[in-house]
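Asker: Counting along the sequence shown from 1, when you hit position 173 you're at 182 in my numbering, and nothing is skipped either side.
The set of hints was computed from the structure by calculation and includes no laboratory data. Do not rely on the hints blindly, as some may be mistaken.
[Said to hold, decoys possible] No more than 25 Å apart at the CA atoms, straight line, and that leaves these computed lysine to aspartate or glutamate pairs for DMTMM-like: (1) 169 with 216; (2) 170 with 216; (3) 169 with 21.
[Claimed, not checked] Computed beta-carbon distance windows for the label pairs: (4) 142 with 203: 21 to 31 Å; (5) 117 with 235: 12 to 22 Å; (6) 175 with 29: 21 to 31 Å.
Note that the structure is a prediction, hence the values are computed from the model and not measured. Positions of the beta carbon are idealized from the N, C-alpha and C atoms, including for glycine.
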Amino acid sequence: ALVTGDKDGLPDSFYQALQRTGLAHTVAVSGMHLTFLAGMLAALLKRGRRLAICSIGVIVLFTLMVGATPSVVRAAIMQILLLLAPAFNRENDRVTSISFALACILAANPYAVANVGLQLSFGSVVGIQIVGLPLNQWLMRKGNVMCDTGKVGWIVSIRKKLVRFVCSTFSVSIGAMLFTAPLTAWQFGTVSLLSPLSNLIALPLVEISFALGLVGSVIALLVPPLGMVRAAFTDVCSGFG
10 ALVTGDKDGL
20 PDSFYQALQR
30 TGLAHTVAVS
40 GMHLTFLAGM
50 LAALLKRGRR
60 LAICSIGVIV
70 LFTLMVGATP
80 SVVRAAIMQI
90 LLLLAPAFNR
100 ENDRVTSISF
110 ALACILAANP
120 YAVANVGLQL
130 SFGSVVGIQI
140 VGLPLNQWLM
150 RKGNVMCDTG
160 KVGWIVSIRK
170 KLVRFVCSTF
180 SVSIGAMLFT
190 APLTAWQFGT
200 VSLLSPLSNL
210 IALPLVEISF
220 ALGLVGSVIA
230 LLVPPLGMVR
240 AAFTDVCSGF
250 G
């Protein structure tokens, strides 16, 4: 479910628990998963045209593999535009990207506007842009002041990275929740107030589990026994989360 978005094997009680804690998005493939995927490719490849070409190809294949739902297509288009911007010596404009993604989806299927996944996906992105990013900048300024002790060393570096992670995760969760809470309340009759805290705790393990699961799936196609070994590590991470 985490790697492909296929939730058929998930017990209803478990999925309901994900909804109550605001973690249902982890098993609905969208921008978060493509961001993880792009990050994995960036770590393996040198920056430049090679990274852009390979990443775009992998993103398109991944989008098709998981069913090309509106939320995934939205994330794929925005990620591809982000990768193409440097190749054309242009800066990535988030408003243009999200508007272009919506135009492409509705041009192909105007009825997709009624899709709940599309509404939640675009709502969360708009919330992150309008609320999440300014909140993150404000929190980062406060956090840097707290970390600025005049000392230099690995402890200060780790502290700053931890502050950056906490600020970004919290602000993104708040921004997305503010704009998607009315939709989830209307469509599903529930709103999770635990989302910022649960995402803060779970996202590092979700990212590790996604990477291990994706790599393990590829290995399993080539050498099934090695894939099973990698799956065991993935199971530990996801179970602990």
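Asker: So which of the earlier hints does this model not fit?
Answerer: Numbers 3 and 5, in rising order.
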